[in-house]
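**Q** Residues per chain, in single letters:
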Amino acid sequence: MAAETETPKYALGIPGVNLEEVQRNVPENEPPPLAINEKLHTIGKSVPRLDGRAKVTGAARYTADINLPGMLYGKLVSSTETAAKIKSIDTSEAEKIPGVKAVYLIERNMAGAGANASADDRFPLVRYCGQPIAAVAATTPEIARQAAKAIKVEYDPRPWVTDIEEARKDDAPQVISAGSAPPARGNVQQRGNVRGPQRGGGASQEAIDKALAESDAVVEAEYHTQVQTHSVLETHGYVADFKPDQLTIYASTQSTQSVRDEMASYFNLQRNKVRVITEFMGGGFGSKLSAGIWASIAGRLSQKAGAPVKLMCDRKEEQQSAGNRPSSNQKIRLGAKKDGSLTAFHLVNYGTAGAATGAGVGGATGMYPIPLALTESSDVMTNAGPQAAFRAPGFPQGIFAFEQAVDELAEKLNIDPLEFREKIDVAPPAGSRGTTAWQVRKEERRVGAEKIGWKNRKAPNSDTGPIKRGVGMAQGTWNRNSNGSGTCEVRINRDGSVEALSAVQDIGSGIRTVMAMVVAEELGIQPADVQVRVGDTNFPPGVSSGGSVTTNSMTPPTRKAAYQAKQELLKQVAPVFGVQPSDLAMNDGKIFVQADPTKSLTLRQAATKMQGEHISAQASRGNTDYATGPGMGGVQFAQVAVDTETGQIKVERIVAAQDCGRPMNPLTLRNQINGGVIQGLSYALLEDRILDRQTGYMVNPNFEQYKIAGASEMPQIDVIVVEQYCARSSTDAAGIGEPATVPTSSAIANAVYNAIGVRIRTIPMTPKVVLEALAARKSNA
Amino acid sequence: MNAFEWADACSIQDVFAVNVKGSAIKAGGVDLVDLMKEGIANPARVINIRNIAGLNQINMDAGVAKIGPLATLSALAEHAGLKQTYTALAQAAAAAATPQIRNMATVGGNLLQRPRCWYFRNDQFACARKGGDLCYAQRGENQYHAIFQNGLCAIVHPSAAATPLVAMNATIELTGPKGKREMPLEEFFVMPNVNLHAENKLEPDEILTEIRIPALQAGTRSHYVKQAEMESHDWPIAEAVAVLQMDDKICKKASIVLGAAAPTPRRATEVETAITGKEITAELARSAAKAALRRATPMTQNRYKLAMFEAVISRAIMRAAAI
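Same order as they appear, the protein sequences are chains A and B.
So for the first sequence, my numbering puts the first residue at 1; every next one is plus one.
So for the second sequence, my numbering puts the first residue at 1; every next one is plus one.
None of these hints come from the bench; they were simulated from the model.
It cannot be assumed that every hint is accurate.
[Claimed, not checked] Straight line, CA to CA, 20 Å or less: simulated EDC-like cross-link-like pairs of lysine to aspartate or glutamate: (1) K290(B) <-> E772(A); (2) K650(A) <-> E231(B); (3) K149(A) <-> D34(B); (4) K152(A) <-> D123(B); (5) K39(A) <-> E20(A).
From just these sequences and the hints, can you work out the full model?
**A** If you want it as structure tokens, here you go:
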């Protein structure tokens with residue numbers, strides 16, 4: 001670990017609320033503290049994406065756009081059975097088709113569906129419909145499709161189960177035997193298809209029962225969330241070019257390095273023989289954090305055929321097998337005293353991640369200090385496509401249920417839901433391991449409530465007539481993650497041009513532009529003057545874009561590298577001015593003597609004075625934050641109109657008050673928040689992976705029948721970013737991709753309740769669900 | 001998608017010359033290409049009729065509307081005369097699909113498209129309509145399926161244009177190598193018990209050449225209501241057209257047709273009877289709508305459609321009556 005020799009002062013808190021300064025011990029050679037955004041010239045100002053033009057004109061090359069000389073087209077053969085043992089695969093007909101250059105049978109699954117049933121099985125067990133089994137490569141996509149169809153798979157069908165309630169029964173068909181399921185965290189048991197519960201919160205059930213019995217109000221309710229597919233616009237895909245000296249892979253990935261490392265391991269190559277390139281990628285949302293099975297298939301086909309192979313999933317393959325957000329059935333008990341203080345919280349969740357595990361829910365226990373909490377979450381394995389990490393894994397599910405329960409509790413106590421959160425969203429007890437996110441949420445509630453006009457909110461079901469309007473809110477939380485391995489190289493060339501290089505890929509959030517802004521801020525130049533090259537493992541290590549870490553992890557090393565390159569440049573040109581390097585500064589594209597700014601050189605002039613061809617500095621973030629500390633907040637407000645005759649919900653407005661430490665680029669930040677809100681809205685109202693109960697086949701594996709909110713569903717979205725300084729790194733940036741989608745579905749559900757006076761505890765809240773809930777009220781009344 | 005031949009037809013006669021067995025006719029291609037990509041249609045030859053001159057005209061002479069089958073949904077939606085006189089048709093065209101699809105999709109193709117049932121559209125299901133033994137919707141995922149006449153095959157007719165056209169008593173002209181025939185559109189569509197494998201009476205060697213809507217009597221107004229899960233690109237769950245001849249508030253004549261309710265556009269005669277000769281009020285519209293649903297046979301997942309249809313039918317009546 002680097003010696004901590006300096007203790008400079010950093011901004012801490014929310015400007016206008018509680019801004020102060022704090023001393024931090026920081027590693028050696030860190031750049032000096034950055035002023036708050038209003039005092040900076042580039043960071044915190046809106047900078048259009050530097051690659052925006054390339055994207056909208058089609059010049060940007062995504063993996064699907066890569067065409068190499070002699071390239072072949074790959075095509076998957078996927079299971080048409082929901083559960084089966086494969087008896088044989090006959091490829092002879094396919095191999096006879098002119099233009100077919102390689103056929104590959106998948107010998108094992110790399111993720112999700114688990115390992116083989118036993119070592120002597122030739123083929124992996126089929127555990128869901130759509131599971132990849134084999135692949136072909138041919139000279140045209142048409143021939144490849146024809147050849148894939150010509151491969152004859154003989155199945156021995158087995159009993160299967162897709163319904164979560166059925167799967168929980170002791171006599172249900174076993175989806176994955178305990179021995180071959182992915183390893184569990186902690187000491188959890190598997191019984192039949194149920195693995196769990198994983199327990200959290202620490203309280204005993206007896207203590208919870210007692211506290212609830214002594215509470216003045218208790219909410220007991222069950223909430224359901226559906227399986228949502230990632231529905232990335234660019235499907236999972238790779239172009240693999242297997243050559244004797246190097247395996248080059250163009251990847252639609254959130255992690256160039258993971259793909260490189262996985263492929264090096266899979267093909268038994270050293271890492272210096274594998275190069276992964278992701279110049280642009282069309283969406284991942286967590287589903288492209290690992291190479292999955294597709295990169296290995298493309299690589300094998302390329303190896304066999306001796307030619308580059310492009311393998312892109314089609315939409316059906318993507319929807320069936322490329323990941324999803326697991327479902328949840330959450331039973332909640334939540335109690336409070338008359339004064340509004342929470343007493344106890346108990347959650348029992350069963351969710352299905354398909355033929356995989358990972359259906360836990362989160363968020364509930366991280367937000368409010370609750371004296372007694374117990375969470376019990378179990379995975380129920382089913383014969384369905386395996387889950388993959390999905391934008392704040394577990395949190396939208398957990399918050400959908402929990403923040404509705406909080407509203408229900410507020411109603412029982414006759415306290416306004418916003419006021420109730422003022423009471424419960426408070427500092428954690430002294431000495432406990434808590435966060436300061438409550439502080440930023442307090443401010444977010446204030447500004448958000450003002451924006452949506454909370455004070456005009458009416459009692460539930462106040463409107464006469466069939467269309468009823470309502471307003472609701474919900475809060476979120478997310479971890480402030482970072483990854484210390486993020487590395488950046490900054491070069492200043494002899495002609496004064498500047499480059500920043502890292503293997504990190506742009507998942508779409510605009511890291512290229514933000515890295516350019518950081519370098520520009522440090523060197524006193526414009527972002528457009530910085531050529532940022534990312535998405536290539538030939539560059540210094542980046543980070544995986546998962547956990548909302550990219551900006552958090554990449555801006556500090558970028559700044560540090562720029563700072564060090566600047567120091568070196570100043571050192572080399574100081575003799576020209578006859579001063580010490582520390583007497584010089586850079587701004588407006590110039591190097592000048594601080595005491596006498598008329599003594600200056602343009603960067604271009606100054607660069608010609610450097611000793612070599614370029615000055616290069618490479619820096620890592622390092623595995624240290626200046627401080628451990630706050631999680632992140634986020635408070636969203638929704639206004640909806642519910643047509644009680646047709647059951648249709650129209651979200652008219654969302655106010656999203658979010659925080660992410662120091663905002664870097666307001667434009668790309670707003671873009672991310674809009675995206676999170678839209679995906680949350682679509683989750684709340686529409687998206688649903690539907691499996692036929694008679695066959696286990698997905699009936700909506702396309703974008704016509706799998707419904708995703710479109711332009712007409714868009715509400716007015718008001719984004720409010722609350723600047724919060726945490727003194728955590730040399731840029732103090734944090735991520736926003738995940739927190740922005742956490743509270744949306746719950747805010748909408750709470751608004752729907754305010755509109756119609758009927759609680760909808762199931763998503764998606766389709767007209768069917770709404771009409772059935774309204775009918776149930778009628779028949780109860 | 002299979003490999004296929006391409007034939008460009010520049011006239012109706014051209015079509016007959018190249019229309020061998022196993023051919024498919026392509027107008028806008030919106031439905032056909034989809035069916036081919038899903039492996040549901042595997043034509044050996046695709047005959048492109050999009051370039052046949054004169055088949056995309058919309059004429060309104062002497063009050064009769066003559067619509068060429070190649071007129072796009074956008075053209076219908078934007079046609080001033082249709083909007084004015086045959087309002088529900090323009091509304092239905094405007095509410096279908098997306099702007100991009102409406103620019104490509106033809107009204108003929110819209111009438112002749114295959115069902116959107118997800119069992120029919122997925123080649124993994126050998127459903128009854130595709131020659132298999134089973135209508136998977138009966139015991140499966142039938143939330144979007146028919147609530148009337150759904151025992152054999154539970155598709156709903158997918159055409160947005162058909163609902164108003166049937167309500168307006170449109171006729172269609174079919175042309176084959178041996179000549180032309182004309183029939184009411186309402187009779188053109190067939191129920192599964194008549195033909196389980198086709199939705200209409202078009203013969204393999206025929207093409208649709210014109211849609212004719214008779215003149216509407218004075219005081220006639222129409223309205224189309226569509227309810228789906230979303231407004232952007234979604235198929236209706238419930239659809240109703242009311243064509244009312246009004247004398248002040250009294251309905252002299254009513255034509256009410258439901259879409260997304262049955263395997264063909266369904267004339268709601270109960271509603272027509274209930275409101276004809278009566279003053280249109282909200283209560284009457286609602287009770288008439290209820291009457292239309294009395295004979296419904298909802299399935300395991302689609303009972304909610306009854307409430308939705310009640311709203312959609314009564315709204316269509318109210319809006320057509322301008323109450």
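**Q** If a hint holds in the structure, say so; if it does not, say that too.
**A** Structure-based check of each hint:
1. K290(B) <-> E772(A): holds (18 Å)
2. K650(A) <-> E231(B): Holds: K650(A) and E231(B) sit about 10 Å apart, inside 20 Å.
3. K149(A) <-> D34(B): It holds: about 18 Å lies between the C-alpha atoms, which stays within 20 Å.
4. K152(A) <-> D123(B): Judged against 20 Å, a Cα distance of about 16 Å means the pair holds.
5. K39(A) <-> E20(A): holds (15 Å)
Taken one by one, the earlier hints all hold for this structure without exception.
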